[in-house]
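*Asks:* Residues per chain, in single letters:
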Amino acid sequence: MGEETKKILEMLHQGKITVEEAENLLAAISSENPSREGSTKNAGARKYLRVQVESEKEGTRVNVRIPLKLIRAGLKLAAFLPNGAQSQVNHALQQKGIDLSKLTPADLEELVANIDDLSVDVEGNADVEGKQKVRIYSE
Amino acid sequence: MIPVIVRLEVRNQNQKGMVLFLPVILAWIFVFALLIAVLPFVLVVALVTIGQGLGKRLLLFYPFFFATVLALSGLRIDVKSSANGKVFISFD
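Chains as they are written, first to last, in the numbering used here: chain A, 227 to 365; chain B, 200 to 291.
Take the hints with a grain of salt, since some may be wrong.
As the list claims (entries may be wrong) - With beta-carbon atoms standing in for the labels, derived distance ranges:
#	chain 1	residue 1	chain 2	residue 2	range
1	A	Arg287	B	Phe231	32 to 42 Å
2	B	Val243	A	Gly241	45 to 55 Å
3	A	Gln240	B	Asp291	41 to 51 Å
4	B	Pro262	A	Lys283	35 to 45 Å
5	B	Leu269	A	Asn309	43 to 53 Å
6	B	Leu269	A	Leu337	46 to 56 Å
7	A	Leu337	B	Leu253	46 to 56 Å
What the hints assert, rightly or not - Lysine-lysine pairs mimicking PhoX-like chemistry, simulated, CA-CA at most 25 Å apart:
#	chain 1	residue 1	chain 2	residue 2
8	A	Lys359	B	Lys279
9	A	Lys232	A	Lys242
10	B	Lys255	A	Lys328
11	A	Lys273	B	Lys279
12	B	Lys255	A	Lys295
13	A	Lys302	B	Lys255
14	B	Lys255	A	Lys283
15	B	Lys279	A	Lys232
16	B	Lys255	A	Lys357
17	B	Lys285	A	Lys359
18	A	Lys295	A	Lys328
19	A	Lys357	B	Lys285
No lab work stands behind these hints, which were simulated from the structure alone. In this text, a Cβ means the ideal position worked out from N, Cα and C, and glycines have one as well.
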């Protein structure tokens, strides 16, 4: 019996999920590719978040490698920002259309914990500001 | 592992520039010595302000700061531009 199956059964036993939900979860596990376990192990070994930006305009290339440990530590250290500074940061971000005020530290922790599987590819509009490509992934 | 050397590379569009290897370990020694020197005062302030919540924050600052410094190792920032040259920063 796999560990995931055990967890599902434990959750069912504790009443955290219904029989139907457990059935769905077990079905999802059994239908998954057998190679998934291997890829999960690899994901756990991932250490860095890589951000690559390529822009045709001026031929700019940005390549940043951030240790995942640094992100986690930085999130904890960010909690020491005075409330006034945090509200100023949120206000500045809101002016750019980004609202992070509802994002709790717990949400951020969860985001970082699951960042292993993250892979984002964005291609900009070539007509507006030259062709831009942004790639974010973990390695 | 704590970053020992920071490699800073700055080049212009003609690939002329400089590469600096900064022994950042010396800065850490200075910072850690400073943090230890002010620790008694921090503890006093933390005890006085613990009711307001600031004390707990002050006490937790030390482990979180050390964790951040230790995690810096491996950070790399590489910016290349055909018009402006190249900037490369690496914490090793």
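*Asks:* Quick check: which numbered hints come out false for this structure?
*Replies:* The structure breaks hints 5, 6, 7, 14, 15 and 16; every other hint is satisfied.
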